[in-house]
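In UniProt numbering, the protein residues as written are 1 to 134.
I should point out that these hints are in silico values taken from the structure, not numbers from a laboratory.
In this text the structure is predicted, and so the values were computed from the model without any measurement.
Each residue gets a CB set at the ideal place from its N, CA and C atoms; glycine is no exception.
One should not assume that every hint holds.
Cβ-Cβ distance ranges computed for the label pairs, FRET-style [unchecked claim]:
hint: 1; residue 1: Leu30; residue 2: Pro61; range: 19 to 29 angstroms
hint: 2; residue 1: Phe63; residue 2: Asp25; range: 17 to 27 angstroms
hint: 3; residue 1: Glu24; residue 2: Gly106; range: 21 to 31 angstroms
hint: 4; residue 1: Ala125; residue 2: Gly35; range: 37 to 47 angstroms
hint: 5; residue 1: Ala127; residue 2: Ser59; range: 25 to 35 angstroms
hint: 6; residue 1: Arg27; residue 2: Ala133; range: 44 to 54 angstroms
hint: 7; residue 1: Ala125; residue 2: Ile26; range: 34 to 44 angstroms
hint: 8; residue 1: Val79; residue 2: Thr48; range: 18 to 28 angstroms
hint: 9; residue 1: Arg128; residue 2: His67; range: 22 to 32 angstroms
hint: 10; residue 1: Tyr31; residue 2: Ala125; range: 44 to 54 angstroms
hint: 11; residue 1: Arg55; residue 2: Ala90; range: 31 to 41 angstroms
hint: 12; residue 1: Glu115; residue 2: Arg33; range: 42 to 52 angstroms
hint: 13; residue 1: Glu24; residue 2: Pro120; range: 32 to 42 angstroms
hint: 14; residue 1: Met87; residue 2: Ser47; range: 19 to 29 angstroms
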Amino acid sequence: MSSFLVCPEADAVLAFAREVFGAEDIRPALYRRGGALWNAELSIGGSTIMVGASRLGFSRPGFVYVHVPDARATFDAAVAAGAQPVMPLAAQFYGDLDGGVEDMGGNWWWMSTHERSLSPDEIEAGARRQEAAA
Numbered sequence: 001m002s003s004f005l006v007c008p009e010a011d012a013v014l015a016f017a018r019e020v021f022g023a024e025d026i027r028p029a030l031y032r033r034g035g036a037l038w039n040a041e042l043s044i045g046g047s048t049i050m051v052g053a054s055r056l057g058f059s060r061p062g063f064v065y066v067h068v069p070d071a072r073a074t075f076d077a078a079v080a081a082g083a084q085p086v087m088p089l090a091a092q093f094y095g096d097l098d099g100g101v102e103d104m105g106g107n108w109w110w111m112s113t114h115e116r117s118l119s120p121d122e123i124e125a126g127a128r129r130q131e132a133a134a
């Protein structure tokens, strides 16, 4: 299964994915005669993601969760590349450091680095504590 981000500013989103997440082209991007991005197929960390310009009412911002070696550096790079913070980085009850940004096409990118391994019981207890605090 692959994610497909169909959004305005598709070229900017494509550049953002390359710059921030090191996305690599699986095949060359395909453009419409008018110059709009039809489809780009990228690899990020071994997963495939596609990006295309919205048209004919088809626009669906996405929510992408990316495991990265250094969430802090990736978050900072995303903001430096023009993304807006949605949720600041924070240590999570399941052992990851994660946070999210919104790109120029309205897509949300969550970046996560695993910091500590927990048992299923520890994760369950952490989830219940977070629920109770909300």
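Taking the hints in turn, this is what the structure says about them:
Range check, Leu30 to Pro61: Cβ separation about 21 angstroms, and the 19 to 29 angstroms hint holds. A hinted range of 17 to 27 angstroms for the beta carbons of Phe63 and Asp25 is consistent with their spacing of about 23 angstroms. The beta-carbon spacing between Glu24 and Gly106, approximately 24 angstroms, falls within the hinted interval of 21 to 31 angstroms. The supplied range of 37 to 47 angstroms is broken by Ala125 and Gly35, whose beta-carbon atoms lie about 54 angstroms from each other.
Range check, Ala127 to Ser59: about 33 angstroms between beta-carbon atoms, so the 25 to 35 angstroms window is met. Between Arg27 and Ala133 the beta carbon distance is about 46 angstroms. The supplied range of 44 to 54 angstroms therefore holds. At about 41 angstroms, the CB distance of Ala125 to Ile26 agrees with the hint of 34 to 44 angstroms. Val79 and Thr48 have their C-beta atoms about 25 angstroms apart, which keeps the hinted 18 to 28 angstroms range intact.
In this structure, Arg128 and His67 meet the distance hint of 22 to 32 angstroms, their C-beta atoms being roughly 25 angstroms apart. The hint said 44 to 54 angstroms for the Cβ distance between Tyr31 and Ala125, and at roughly 51 angstroms that hint holds. At about 37 angstroms, the beta-carbon gap between Arg55 and Ala90 stays in the expected band of 31 to 41 angstroms. Range check, Glu115 to Arg33: about 48 angstroms between beta-carbon atoms, so the 42 to 52 angstroms window is met.
At about 35 angstroms, the CB distance of Glu24 to Pro120 agrees with the hint of 32 to 42 angstroms. Here the CB-CB span from Met87 to Ser47 is close to 21 angstroms, well matched to the stated 19 to 29 angstroms.
Hint 4 from the list above is the single one not met by this structure.
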